[in-house]
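**Student:** Residues per chain, in single letters:
2 protein chains.
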Amino acid sequence: MRCRFCRKEAFYRRSYEGVPLCKTCFLEDVEKRIRKTISRFDMLRFDDHIAVAVSGGKDSLTLLRVLRKTEKRFPKATLTAVTVDEGIRGYRAEAVKLARESCKELGVDHVVVSFRELFGKTLDQIVRSKKELSPCSYCGVLRRRAIHVAAKEAKANKIATAHNLDDEVQTILLNIFHGDAKRIARVEPVLVDPAGRFLQRVKPLCEIPEKEVALYAHLSGVRFQTCPCPYLETALRNDVREMLNRVEERHPGTKFTIFRSIERLRDSLKASLARVELRNCLRCGEPTTGSVCEVCKMLDKTIECPGT
Amino acid sequence: MRCRFCRKEAFYRRSYEGVPLCKTCFLEDVEKRIRKTISRFDMLRFDDHIAVAVSGGKDSLTLLRVLRKTEKRFPKATLTAVTVDEGIRGYRAEAVKLARESCKELGVDHVVVSFRELFGKTLDQIVRSKKELSPCSYCGVLRRRAIHVAAKEAKANKIATAHNLDDEVQTILLNIFHGDAKRIARVEPVLVDPAGRFLQRVKPLCEIPEKEVALYAHLSGVRFQTCPCPYLETALRNDVREMLNRVEERHPGTKFTIFRSIERLRDSLKASLARVELRNCLRCGEPTTGSVCEVCKMLDKTIECPGT
Numbered sequence: 001m002r003c004r005f006c007r008k009e010a011f012y013r014r015s016y017e018g019v020p021l022c023k024t025c026f027l028e029d030v031e032k033r034i035r036k037t038i039s040r041f042d043m044l045r046f047d048d049h050i051a052v053a054v055s056g057g058k059d060s061l062t063l064l065r066v067l068r069k070t071e072k073r074f075p076k077a078t079l080t081a082v083t084v085d086e087g088i089r090g091y092r093a094e095a096v097k098l099a100r101e102s103c104k105e106l107g108v109d110h111v112v113v114s115f116r117e118l119f120g121k122t123l124d125q126i127v128r129s130k131k132e133l134s135p136c137s138y139c140g141v142l143r144r145r146a147i148h149v150a151a152k153e154a155k156a157n158k159i160a161t162a163h164n165l166d167d168e169v170q171t172i173l174l175n176i177f178h179g180d181a182k183r184i185a186r187v188e189p190v191l192v193d194p195a196g197r198f199l200q201r202v203k204p205l206c207e208i209p210e211k212e213v214a215l216y217a218h219l220s221g222v223r224f225q226t227c228p229c230p231y232l233e234t235a236l237r238n239d240v241r242e243m244l245n246r247v248e249e250r251h252p253g254t255k256f257t258i259f260r261s262i263e264r265l266r267d268s269l270k271a272s273l274a275r276v277e278l279r280n281c282l283r284c285g286e287p288t289t290g291s292v293c294e295v296c297k298m299l300d301k302t303i304e305c306p307g308t
Numbered sequence: 001m002r003c004r005f006c007r008k009e010a011f012y013r014r015s016y017e018g019v020p021l022c023k024t025c026f027l028e029d030v031e032k033r034i035r036k037t038i039s040r041f042d043m044l045r046f047d048d049h050i051a052v053a054v055s056g057g058k059d060s061l062t063l064l065r066v067l068r069k070t071e072k073r074f075p076k077a078t079l080t081a082v083t084v085d086e087g088i089r090g091y092r093a094e095a096v097k098l099a100r101e102s103c104k105e106l107g108v109d110h111v112v113v114s115f116r117e118l119f120g121k122t123l124d125q126i127v128r129s130k131k132e133l134s135p136c137s138y139c140g141v142l143r144r145r146a147i148h149v150a151a152k153e154a155k156a157n158k159i160a161t162a163h164n165l166d167d168e169v170q171t172i173l174l175n176i177f178h179g180d181a182k183r184i185a186r187v188e189p190v191l192v193d194p195a196g197r198f199l200q201r202v203k204p205l206c207e208i209p210e211k212e213v214a215l216y217a218h219l220s221g222v223r224f225q226t227c228p229c230p231y232l233e234t235a236l237r238n239d240v241r242e243m244l245n246r247v248e249e250r251h252p253g254t255k256f257t258i259f260r261s262i263e264r265l266r267d268s269l270k271a272s273l274a275r276v277e278l279r280n281c282l283r284c285g286e287p288t289t290g291s292v293c294e295v296c297k298m299l300d301k302t303i304e305c306p307g308t
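Protein sequences appear in the order of chains A and B.
Position 182 of the first sequence, counted from 1, bears residue number 182 in my numbering, the numbering being contiguous throughout.
Position 182 of the second sequence, counted from 1, bears residue number 182 in my numbering, the numbering being contiguous throughout.
Careful, some of the hints might be misleading.
Here are the computed lysine-lysine pairs in the PhoX-like style, where the Cα-Cα straight-line distance is at most 25 angstroms [what the hints assert, rightly or not]:
id	chain 1	residue 1	chain 2	residue 2
1	A	Lys270	B	Lys72
2	B	Lys182	B	Lys104
3	B	Lys155	B	Lys104
4	B	Lys23	B	Lys76
5	A	Lys297	A	Lys152
6	B	Lys121	B	Lys69
7	A	Lys130	A	Lys36
8	A	Lys182	B	Lys270
9	B	Lys158	A	Lys270
10	A	Lys182	B	Lys32
11	B	Lys72	B	Lys182
12	B	Lys155	B	Lys69
Computed, partial: chain A to chain B, Cβ under 8 angstroms [as the list claims (entries may be wrong)]:
id	residue
13	Met243
14	Arg250
15	Gly285
16	Thr289
17	Ser291
18	Val292
If you're looking for bench data, these hints aren't it; they were derived computationally from the structure.
Glycine is no exception: its CB is placed at the ideal position from the N, C-alpha and C atoms.
Chain A with its partners taken away, still in its complex shape (with noise of 0.2 angstroms):
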């Protein structure tokens, strides 16, 4: 089996598109396909200032990467990777080193903001105390504020996140199979609060399959997390992973089919979501649509929850 543009020997067969690829070959190929869904959406200016979520795992590893090498074109660029420390026992410490590692690598500014240090609290004393939320949907809610509070203080205009393919085929059927159809309005490659309250996010990684995220973290020597969260929600994300992965298997290519196929829906389905109002948090000022945010209200507590 020959590399489909070097004639080398090739390593990996692209499935989907029946191509093989030759080491070299495929790390050039991610690159560029990352940079093509980049100018596609319009995701990323020539003079952006960037914060990278970055957690230690293989995608957002990758992402760094990639974002640095392709920063290195335009000078007026600027990247501050943003590693969220949430207060996991015995997961998050390897997590944050890897994080850091890597940042100090690559010569990539980072930021370490701790659950504890904005919220008061670690994720493990939420979970402990609040039983109302599975672990991940507290995570979910307060990291993104974290992410949202460090971005800003960075003087970062855009957040890229490392969500892969995988991830948001996942997400598109998962709204449906809990009957939120409606909200795969919402998973987007970009998206842009237009009032400008919420700093605008991207994701660069949309159109790469996870496992050929994991292929190009593991040639080009990062080193990541792998062992996972002891919070990992096990239930329906699963079930729906490994199915897809089985009708992907059969049938190369579906995971792309589904992207597209939710992308032609998106702009009818948007038109008839309810336009939200925002208004500002009582507590901590930041903008919701009732008169608490999620964060305030997960934090259950009187004390200024830390806006910006």
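Dock chain B against chain A, hints included.
**Tutor:** Here is chain B on its own, set in the frame of chain A:
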């Protein structure tokens, strides 16, 4: 395990509700649910003449049985069973026989129309002479026309088909997996042509899981065809079916959630679908979006194809 309704020995536990049921209560409950679907989607009127598409399988014979029971309460309503003989050697004859027996037992008028008589050739002949499309694609288009022609000839004003919950949910996901997400707007319990050129089509079983339809047929002594069509497509739909059954098993109620989820999307999706102008097919005179209808294109002949 005792029946939730009558406390007799239960034989089945409806997992999506956690409700154990005895045989009698199960049968009654399925019938009640079908009537509820009929009324919820305003499917039938007291004086309808309904053409029931009866293939001879478990779904259509169950539908016929339940509609026959219901019809008895409405003296002005009429039922006609329509069976299409596509001309599939070694398969269709048994089904036609079973359909005929059921109709006789229930006292329902039975009309059998064949592809040979309507289109001049059997499905077997079409499949042998044409290779562009799958047998299911030819059969789907031609059978729909055949049922429509027979229903109009019988002076019916409505067509009832036996699509169950699983069929509908599979079709929804298949449309997404195939990249035709907008078509999910057309997977609906009632299909109406506002201009009245097509008879209204209704799906009274659309909220009954396939498993319960099979159980109903079995318990009520319906003799139905069990061997699958030799042309049955085994590709993507089968994978989707399997995966849905697996997810349903672990998360009972998922099929219903997907069904409801899409229900909530339908209106916004429909609004975005281009309004299709229908005109009369130049060959057969039936309504079509182009100049020649799908049926005539498939038959690919200049002699007139059957309209009404």
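**Student:** A separate judgement is required for each hint: does it hold in the structure or not?
**Tutor:** Right, here's what the structure says about each hint:
A threshold of 25 angstroms between alpha carbons decides the hint, and for A/Lys270 with B/Lys72 the separation of about 46 angstroms lies outside it, so the pair is violated. A distance of roughly 42 angstroms separates the Cα atoms of B/Lys182 and B/Lys104; the hinted pair therefore is violated under the 25 angstroms criterion. This hinted pair checks out: B/Lys155 and B/Lys104 have alpha carbons roughly 20 angstroms apart, not beyond 25 angstroms. Of the supplied pair hints, the one linking B/Lys23 and B/Lys76 is violated, its CA atoms being roughly 31 angstroms apart against a limit of 25 angstroms.
Our distance criterion of 25 angstroms between C-alpha atoms is met by A/Lys297 and A/Lys152, whose separation comes to about 22 angstroms. Restraint check for B/Lys121 and B/Lys69: not satisfied, since their Cα atoms lie roughly 36 angstroms apart, outside the 25 angstroms limit. Proposed proximity of A/Lys130 and A/Lys36 is contradicted: the alpha carbons are some 43 angstroms apart, above 25 angstroms. A hinted pair counts as satisfied when its Cα atoms are at most 25 angstroms apart, and A/Lys182 with B/Lys270 qualifies at roughly 14 angstroms.
Between B/Lys158 and A/Lys270 the CA atoms are separated by roughly 35 angstroms; this puts the pair beyond 25 angstroms, and the hint is violated. Simply put, A/Lys182 and B/Lys32 have alpha-carbon atoms about 31 angstroms apart, too far for the 25 angstroms limit, and the pair is violated. Of the pairs offered as hints, the one joining B/Lys72 and B/Lys182 is violated, with about 39 angstroms between alpha carbons and a cut-off of 25 angstroms exceeded. With a C-alpha separation of about 21 angstroms, the suggested pairing of B/Lys155 with B/Lys69 holds against the 25 angstroms cut-off.
A cut of 8 angstroms between beta carbons decides the hint on A/Met243: the least distance to chain B is about 4 angstroms, and the hint holds. Given hint, A/Arg250 at the interface with chain B, holds; its Cβ is 6 angstroms from that chain's nearest Cβ, closer than 8 angstroms. The beta carbon of A/Gly285 comes no nearer than 34 angstroms to any beta carbon in chain B, farther than 8 angstroms, and the hint placing it at the interface is violated. Given hint, A/Thr289 at the interface with chain B, is violated; its Cβ is 19 angstroms from that chain's nearest Cβ, farther than 8 angstroms.
Given hint, A/Ser291 at the interface with chain B, is violated; its Cβ is 27 angstroms from that chain's nearest Cβ, farther than 8 angstroms. The beta carbon of A/Val292 comes no nearer than 27 angstroms to any beta carbon in chain B, farther than 8 angstroms, and the hint placing it at the interface is violated.
Consistency with the previously given hints fails for numbers 1, 2, 4, 6, 7, 9, 10, 11, 15, 16, 17 and 18, ordered from lowest to highest.
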